Amino acid sequence: MKNIYLLDGGTGQEIFKRSRKPAHPLWAAKVMMDQPDIVKDVHQDFINAGSRIITTNSYTCTPTRLKRDGEIEWFEKLQLQATEIALKARDELGSIAADVKVAGCLPPLTGSYTTDERTFSELKLEYEQIVDIQAPIVDLFLIETISSIKEAKAAAEAALKSGKTVYLSFTLSDKEPKKLRSGEAIDEALISISDYALDALMFNCSFPETISEGLTALKQLDIPFGGYANGFTSVDSLKPGGTVGQLSARKDLDEEKHASYAMNWIKNGASIVGGCCEVGPSHIEYLRDQIEKEGYHIVSC
Numbered sequence: 008m009k010n011i012y013l014l015d016g017g018t019g020q021e022i023f024k025r026s027r028k029p030a031h032p033l034w035a036a037k038v039m040m041d042q043p044d045i046v047k048d049v050h051q052d053f054i055n056a057g058s059r060i061i062t063t064n065s066y067t068c069t070p071t072r073l074k075r076d077g078e079i080e081w082f083e084k085l086q087l088q089a090t091e092i093a094l095k096a097r098d099e100l101g102s103i104a105a106d107v108k109v110a111g112c113l114p115p116l117t118g119s120y121t122t123d124e125r126t127f128s129e130l131k132l133e134y135e136q137i138v139d140i141q142a143p144i145v146d147l148f149l150i151e152t153i154s155s156i157k158e159a160k161a162a163a164e165a166a167l168k169s170g171k172t173v174y175l176s177f178t179l180s181d182k183e184p185k186k187l188r189s190g191e192a193i194d195e196a197l198i199s200i201s202d203y204a205l206d207a208l209m210f211n212c213s214f215p216e217t218i219s220e221g222l223t224a225l226k227q228l229d230i231p232f233g234g235y236a237n238g239f240t241s242v243d244s245l246k247p248g249g250t251v252g253q254l255s256a257r258k259d260l261d262e263e264k265h266a267s268y269a270m271n272w273i274k275n276g277a278s279i280v281g282g283c284c285e286v287g288p289s290h291i292e293y294l295r296d297q298i299e300k301e302g303y304h305i306v307s308c
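Using the numbering used here, read the sequence shown as starting at 8 and increasing by one per residue.
Since the hints were derived computationally from the structure, they do not count as laboratory data.
Owing to the predicted nature of the structure, the values given are computational and were not obtained by experimental measurement.
Any given hint might turn out to be false.
[As the list claims (entries may be wrong)] Below 20 angstroms or equal to it, Euclidean Cα-Cα: the simulated SDA-like pairs (lysine to any residue) are:
1) Lys47 to Asp146
2) Lys226 to Asp194
3) Lys9 to Lys258
4) Lys171 to Asp194
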């Protein structure tokens with residue numbers, strides 16, 4: 008029986024929907040300060056839906072983003088708060104969440120879907136700041152929505168120093184699925200990171216159709232792989248400093264459709280699936296049911 012690792016869905020997007028506050032570049036971070044119970048409830052809803060790995064709500068809490076959109080003094084407080092809320096969400100559920108792991112989020116530092124022009128050393132230093140805070144608390148690190156080779160390598164080097172399990176996930180161009188959003192080829196990216204002792208490789212926050220095409224490259228590698236797609240119609244309008252209020256959700260990616268993509272990935276060798284933006288607890292619950300119906304076993308890492 009094949010083991011499947013089931014991630015959560017679009018935590019930040021789900022928090023945004025429930026908070027009912029105006030869109031802001033740091034909306035997910037602001038909710039942790041103003042309405043922390045919403046964040047905890049979202050984590051718990053994903054756990055109850057079947058997720059065995061949940062990710063900290065710290066995607067927007069990088070020093071670069073805080074300097075640009077908020078207060079850099081919030082950095083350590085928000086990073087700690089994100090990890091503590093995730094742990095509290097898990098621990099409050101007791102035995103039903105005993106096997107759930109908390110992943111520390113290592114996101115793109117400037118913004119989603121963009122290439123950071125700073126030097127490798129600058130990027131690595133910033134990732135090390137995040138890792139130093141989260142490493143004593145989280146179970147693993149999830150490097151996600153990475154658009155370029157340089158940022159992937161900087162995050163990987165910082166995370167691997169922690170000795171924790173490290174998953175790396177690139178985001179792909181929806182117009183050219185064989186390329187990262189930086190324009191670099193998938194094959195080039197995989198060669199560039201081949202010397203790193205990563206525990207899994209994935210693609211995320213692209214159309215499910217895009218991920219389906221990209222996963223053929225990961226299938227050839229001797230490493231666990233998978234994907235978790237978004238449900239946006241397009242991300243072209245989102246620039247650094249922008250908000251998700253500029254984006255719109257697809258109408259055709261309901262629970263059944265989302266699960267059909269993920270199940271196809273599993274049948275083609277993937278062992279890690281979940282959801283990204285616009286994928287909620289109901290999507291994860293439906294996917295869990297389909298995974299179990301097909302005879303797979305959902306486990307934690």
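Structure-based check of all given hints:
1. Lys47 to Asp146: Holds. Lys47 to Asp146 sits at ~18 angstroms (cutoff 20 angstroms).
2. Lys226 to Asp194: 12 angstroms, holds
3. Lys9 to Lys258: 32 angstroms, violated
4. Lys171 to Asp194: The hint is violated at about 26 angstroms.
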